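S.K.: Here is how the chains run, residue by residue.
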Amino acid sequence: QKEVEQDPGPLSVPEGAIVSLNCTYSNSAFQYFMWYRQYSRKGPELLMYTYSSGNKEDGRFTAQVDKSSKYISLFIRDSQPSDSATYLCAMSRFQGGSEKLVFGKGTKLTVNP
Amino acid sequence: DARVTQTPRDKVTEMGQEVTMRCQPILGHNTVFWYRQTMMQGLELLAYFRNRAPLDDSGMPKDRFSAEMPDATLATLKIQPSEPRDSAVYFCASARPGGPGNEQFFGPGTRLTVL
Chain A
1 QKEVEQDPGP
11 LSVPEGAIVS
21 LNCTYSNSAF
31 QYFMWYRQYS
41 RKGPELLMYT
51 YSSGNKEDGR
61 FTAQVDKSSK
71 YISLFIRDSQ
81 PSDSATYLCA
91 MSRFQGGSEK
101 LVFGKGTKLT
111 VNP
Chain B
1 DARVTQTPRD
11 KVTEMGQEVT
21 MRCQPILGHN
31 TVFWYRQTMM
41 QGLELLAYFR
51 NRAPLDDSGM
61 PKDRFSAEMP
71 DATLATLKIQ
81 PSEPRDSAVY
91 FCASARPGGP
101 GNEQFFGPGT
111 RLTVL
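From first to last, the protein sequence lines stand for chains A and B.
Under my numbering, the first sequence has 27 at position 27, and the numbering climbs by one with no breaks.
Under my numbering, the second sequence has 31 at position 31, and the numbering climbs by one with no breaks.
FYI, nobody ran anything at the bench for these hints, they're computed from the structure.
Treat the hints with care, since some could be wrong.
[Claimed, not checked] Cβ-to-Cβ under 7 Å is the rule here; a few derived chain B residues that face chain A:
| hint | residue |
| --- | --- |
| 1 | Gly42 |
| 2 | Phe91 |
| 3 | Asn102 |
| 4 | Glu103 |
| 5 | Phe106 |
| 6 | Pro108 |
[What the hints assert, rightly or not] In silico DSBU-like links for lysine-lysine, alpha-carbon gap of 30 Å or less:
| hint | chain 1 | residue 1 | chain 2 | residue 2 |
| --- | --- | --- | --- | --- |
| 7 | B | Lys78 | A | Lys100 |
| 8 | A | Lys56 | A | Lys108 |
| 9 | A | Lys42 | B | Lys11 |
| 10 | B | Lys62 | A | Lys100 |
| 11 | A | Lys2 | A | Lys67 |
| 12 | A | Lys100 | A | Lys2 |
| 13 | A | Lys2 | B | Lys78 |
| 14 | A | Lys42 | B | Lys62 |
| 15 | B | Lys62 | B | Lys11 |
| 16 | B | Lys11 | A | Lys100 |
| 17 | A | Lys108 | B | Lys11 |
| 18 | A | Lys100 | A | Lys67 |
| 19 | A | Lys42 | B | Lys78 |
| 20 | A | Lys2 | B | Lys62 |
| 21 | A | Lys108 | A | Lys67 |
| 22 | A | Lys42 | A | Lys56 |
Values in this document were obtained by computation on a predicted structure and should not be read as measured data.
For glycine and all other residues, C-beta sits at the position ideal for the given N, C-alpha and C.
Produce the complete structure using the sequences and hints provided.
M.R.: Below, the structure is given as structure tokens:
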């Protein structure tokens, strides 16, 4: 079993839809949870960062962590064509940009106008 | 606008040839990561350095891959000899000490095709 599992999709939704992206993980030592967004032929960019359990909201994006279930989610409200990208979850045991991350395989999202 | 740069952006080579990929991390970042991305495996960590010292290269096939940081502004990943299964996109990322969250800044990647 991989440490982090993520449904690769692809996921196709109409503009304005609410999108739900999810990851599960097996290592209970993970405490820091991230979502990266990767546009075609580009490197991933950090989108959201959360520590431990709970919700974090940033504009149209909400990240949710349920450590008891080892499950994290990213919700996108009022999705836009510009949100079309691959979304990768990532996790770490320790804080700090210089710490090793474990990534999910990514979910490819297309938002149709 | 500080960013990680990688060269070359695309590389097509024949099996058995040596391939060298280069990365310039963001100035002031002390940690450099090398990743490989494929459809099948996703993004895999190959190796990473902190203050130019290798910390972990357990993700790298040791017999053909090597990674170095000759100085703070240059990281290299070398494959010798290359094989078709090495075809992938190779990303370099850098991070700064004490940076907020766990943000890593990725370069644009080197798309390698081994024929």
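S.K.: Checking against the hints above, which ones are violated?
M.R.: none
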